[in-house]
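Residue numbers (this note's numbering), protein chains in the order written: chain A, 1 to 329; chain B, 1 to 329; chain C, 1 to 338; chain D, 1 to 338.
Only true hints are included.
Computed footprint of chain B on chain D, listed as stretches where at least three residues anywhere in the stretch have a Cβ under 8 Å from a Cβ of chain B:
id: 1; segment: 118–129
id: 2; segment: 137–149
id: 3; segment: 164–177
If you want the ones that stay clear, here's a sample from chain D, every Cβ over 10 Å from chain B, calculated:
id: 4; residue: LEU16
id: 5; residue: PRO197
id: 6; residue: ASP222
id: 7; residue: ILE274
id: 8; residue: ALA306
id: 9; residue: ARG309
Think of the hints as simulated: they come from the structure by calculation, not from any bench. Ideal Cβ placement from N, Cα and C applies to all residues, glycine included.
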Amino acid sequence: MAELRYLDAIRLAMYEEMRRDERVVVLGEDVGIKGGVFGATDGFYAEFGEARVLDTPLAESLIVGTAIGMAANGLVPIAEIQFADFIHPAFNQVVSEAARIRYRSNGAFGCPITIRAPYGGGVEVHGGLYHSQSIEATFAHVPGLKVVTPYTVYDAKGLLKSAIRDPDPVLFLEHKRLYRAIREDVPDDEYLVPIGPAAVRRPGSTLTAFAYGQMLHETLRAAERVAAEGIDVEVVDLRTLKPLDTETILGSVRKTSKAMIVYEDNRFLGFGAEVAAIIAEEAFDALDGPVLRVAGLDVPAVPYADTLAAAFMPTVDRIAETMRRLAAY
Amino acid sequence: MAELRYLDAIRLAMYEEMRRDERVVVLGEDVGIKGGVFGATDGFYAEFGEARVLDTPLAESLIVGTAIGMAANGLVPIAEIQFADFIHPAFNQVVSEAARIRYRSNGAFGCPITIRAPYGGGVEVHGGLYHSQSIEATFAHVPGLKVVTPYTVYDAKGLLKSAIRDPDPVLFLEHKRLYRAIREDVPDDEYLVPIGPAAVRRPGSTLTAFAYGQMLHETLRAAERVAAEGIDVEVVDLRTLKPLDTETILGSVRKTSKAMIVYEDNRFLGFGAEVAAIIAEEAFDALDGPVLRVAGLDVPAVPYADTLAAAFMPTVDRIAETMRRLAAY
Amino acid sequence: MAVHKTRVHLARHEALGLDTGDLLEMYYYLALARAIDERMWVLQRAGLVPFVISGQGHEGAQVGVMWAIDRERDWLVPFYRSLAACLVKGMTPRDLMLGLFSRANDPSSGGRQMPAHWAHNAHKIFTTSSPVATQYLHAVGVAYAAKLRGTGEVVVTSIGEGSTSQGDWHEAMNFAGIHRLPVILMVENNRYAISVPTRLQMGVPDVAVRAEGYGFPGIVVDGSDVLACYEAGCEAVRRARADEGPTLIECKVERLTAHSSEDRQEKYRPTSDIEASRSKDPLVVFKHYLEHAGVLDEARYTEIHARIRAEVTDATDYAEAQPMPDPSTVARHVFFEG
Amino acid sequence: MAVHKTRVHLARHEALGLDTGDLLEMYYYLALARAIDERMWVLQRAGLVPFVISGQGHEGAQVGVMWAIDRERDWLVPFYRSLAACLVKGMTPRDLMLGLFSRANDPSSGGRQMPAHWAHNAHKIFTTSSPVATQYLHAVGVAYAAKLRGTGEVVVTSIGEGSTSQGDWHEAMNFAGIHRLPVILMVENNRYAISVPTRLQMGVPDVAVRAEGYGFPGIVVDGSDVLACYEAGCEAVRRARADEGPTLIECKVERLTAHSSEDRQEKYRPTSDIEASRSKDPLVVFKHYLEHAGVLDEARYTEIHARIRAEVTDATDYAEAQPMPDPSTVARHVFFEG
Ligand SMILES: Cc1ncc(C[n+]2csc(CCOP(=O)(O)OP(=O)(O)O)c2C)c(N)n1
Ligand SMILES: Cc1ncc(C[n+]2csc(CCOP(=O)(O)OP(=O)(O)O)c2C)c(N)n1
Ligand SMILES: [Mg+2]
Ligand SMILES: [Mg+2]
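Pulled out of the complex, with its shape left as it was, chain A reads as follows:
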């Protein structure tokens, strides 16, 4: 057992995979000597060399596009997008290319690449409009892409290793606020966390709150707060957003008969919309109340000024308030 931070787990997962499989390479901006702006590849350059730890030119379409080509010729690339907000110039390479290589070639070619992207905002992040976006809904809508966003340190390591070994493109989202916020004991022996299954983080009976990434932290705290008032919230960590574990979602709703979704992304067409739609479509008979959403405002990402950033984010207060409303319904 070693006590790791989320960031350490990310780094260790890549490190172990690079040691294990020489086909694995990392590429991105500043991943080399600097070890990444968050330090996720710290020390890799010295150990694995410039060819496998590649500082790319400042061009995201290049990062993803060349990774596709590298993967076609026997490498297993881990592409780092410095901030999720900057994946947009690569949108065409991700959506039109990486996600479709297998389908369009009728299975003849594959695209085993992992795209890592630190995302998310909050007052502490001070990221402003372009260093705080949540991009999961935009990409979870894309067939052929897998989208993963771990919350625990254990999952961060196990899911990233699964992503690297996955034969298909995986967008691996790491919430910046989790990097240094939490420490956990993680087994020294190798383990994998499968892409797909969701996890119940807190069993409950009154209602189910679905969340992922940083918002689980706020949601769990809100659940504790209302527990004192006799509201017993089940909190589900979606973890893998695509392919989505609808079975666990529907199972939990059938049990509690009430559901809410918490997400930091803009509310309109954010990921919670799909979760709500699935519930309204497949668990309507079990529902005893509306499917509520607590989400970021519909303004372009998180403003920089603390006062505005705070107004943007879903807070423990807002989440707890919604839990009370739903419980009372």
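Place chains B, C and D with the ligands on chain A using the hints.
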């Protein structure tokens, strides 16, 4: 009154606006002498000249990025993206730039551009994976963008004129199958159709089916079919997807107490997900049944072969079947 | 005069180390590509297939450059006009026709993509998409892997001149230059991007001059001169194998048809310009060369074209007779199926 | 020797039509930019603001080139290091500090964006975003409108050398060349993109050589030589106003600080390299020039710096005292409010 096709209405709307306001320019690939691959700017080059009818280099990021700059310096650009599928290279300029100019400058700058994009597929389109995509959900998720997709010829003209005059960026989506499919009498006198309000295309009492663009055609036919069976479907044309007319949506659901959404885009996180989520959240009390979705398959766009394309699309049969299921609930 | 010409010409292909057999095989590929291409248009006009986009006028550039690579070992990352290049790389007339008819056993996409979206795993032809220029980044990625893994592979990719306006083209050129990658970056410049003339596409007459700005040579060749294209290809392959880095080869070619079956080029191309194109038909130019060189006589000509006619007919009949994709397979291969 | 130097130097600025007043005003802007910049870092280190990114080392290039334009009539489409350029274009120290403190009345964004995301409607400074290189396309769009409308405006934009690797940069260069636009395309080459050295950023030593491939001149200037930058700016403005088209000006500058307050450059920059940068500080170089030229004496120096100290302190105190944005305004200006 003049009988026009949808394509004629699009062309006439731009023609009238260019005549009316010399600040209006069109730019895109092949919009010049060729008049666009669908003919939407046919004749413009000869009448308005090369400077206002600009054949751009083959680069969509350039088309949107320069349009932003032109708008900042007194022009009113209409940017044509040859096929909606090819807006992806411009994703960053649309999402990070056009949609945020006003918000990020705290209202000091604006971005009055219209981005026209022919979209959609179907067996008749023979567009394959890259000439048939529906992109509305991807962009309707973006705060700061307006997204419009007319169904009638009357709306095509009136909404496009409103889009061109709108002070903010509007993504104007034209379903390719509508271009030559329908003819309508349209007033000769100038008129505008406001961006925002939805339209009830068929009043009904049993359930409400929400749709937009080409899918209204299939949905209305399905409604006629089940009408014979005593199922009275209200069909609502959403028209403007962002900002969305939730009032009309909720009003109709409160009336019929049952709702379904039909869309051609991939089901998962497609536009219908947000409509369903809004209904499940704000009209739950009025609901007498699950909120159902009929949508395109979750595979990368519409395959080329007729047999596969047919398997991808929502059909009148599938829609009618869903109407029956919902009515019987 | 003819005699003199002949001597000069002979000197040329001999100097390039090409014997009669090579020349006839090259001619065969040019003529085969053209015959398949023309048949495709006939089939489309007859209403047997909905769409065609092809490479008439580009064959000389493609056969010439591709002749310089190792067809087994090296890679091709094509674009939609690469019909002739795909044939040289190993795809058969049947393979191409299966794509045109979007049949279930189309090796490129199983009928999922439009025609001319080439791919063939066994022949190291990477899958083509519609958004232009993306393939340039894939090609340099494949080349980076080849260099890192020390496979000795060379990668050939190609693109139209209009598509070089895309950002991806610049990003790929830059990456190729930084890492001195074993890649041949072709530009098939046919002076039009659908209707847009080069005048509105770029501020310079030759794309090739841009290569210098990335740190490697860019050369301009007459795409109707198969031997000149071959020569350029040989030097580019030599550089690549010697770890001297990439080469940009801009072939000036002619588009002998409309952009695609959806386009009517008369609207934007003067008749004189369309005729000018015909006068630079690589097939005609190469045929003249072979005749002057005494390589192609009546008998051989008849024999080659009879063989081609038979192959094209066989490919057409075969492909047409194959089943369409089974609708129940529409959701397959979104993800790996193990 | 000094005498000789002096004569040469005098010849230089006089030849450029700059008198003592001009030189002192230019120096004032360089020193003011530096003083504000240094204060920003102090404020960040003191924990008064969360973040700073600035332009120390780039001031000479910016003041030099900007001095050549019409500050009222022309446009600036800046990037995050354009602090000095924004000052020359009319923004005040208070304007800049309001952005650093993200106050409600920050003219750039009302506190919505990170510091250094400049904008000022009244001064024709277009709004800056974080994704690099997008501004190049905006700039050529503004220039296209100026040309179409016949306003006679010239547009200046700038970018770091690393950001020229983005596709948008290429697309903008291409468009500027095709339409011979009245735009000055600056590249402030400080040899690093955060930690990535030019060796891994491009296969050539100078970005400027690429301009030729777009059909217009690209020149390299020493960014620590303010007069050389001014001279380059004058010629570029002349070309733009004479409808001769764009000019790329690559200024070789030094990054005197870490990339931003988030970065620790010691990890990837040898001390010798950091010291080498200091030796090319444009403020020091220009000060020497003015001293040799007998333009800047003790008295004037003291006077200018006293004035600057006062302005920086005033700006800081003023900005800090302003209110933060009202949370209730967070949803405003998503769309036009009429
Ligand atoms: C990103 C993108 N935008 C637009 C198109 C539509 N389109 C297909 S081919 C073409 C013209 C290509 O011209 P060029 O690159 O010169 O190649 P050519 O067809 O002349 O061989 C266009 C605009 C596309 N396929 N991809
Ligand atoms: C599209 C995009 N990708 C990544 C970043 C993160 N980033 C900010 S500045 C920078 C380096 C820029 O280097 P350069 O262009 O040389 O300008 P400099 O900072 O050296 O002046 C990077 C990678 C960004 N802002 N935008
Ligand atoms: Mg062309
Ligand atoms: Mg730099």
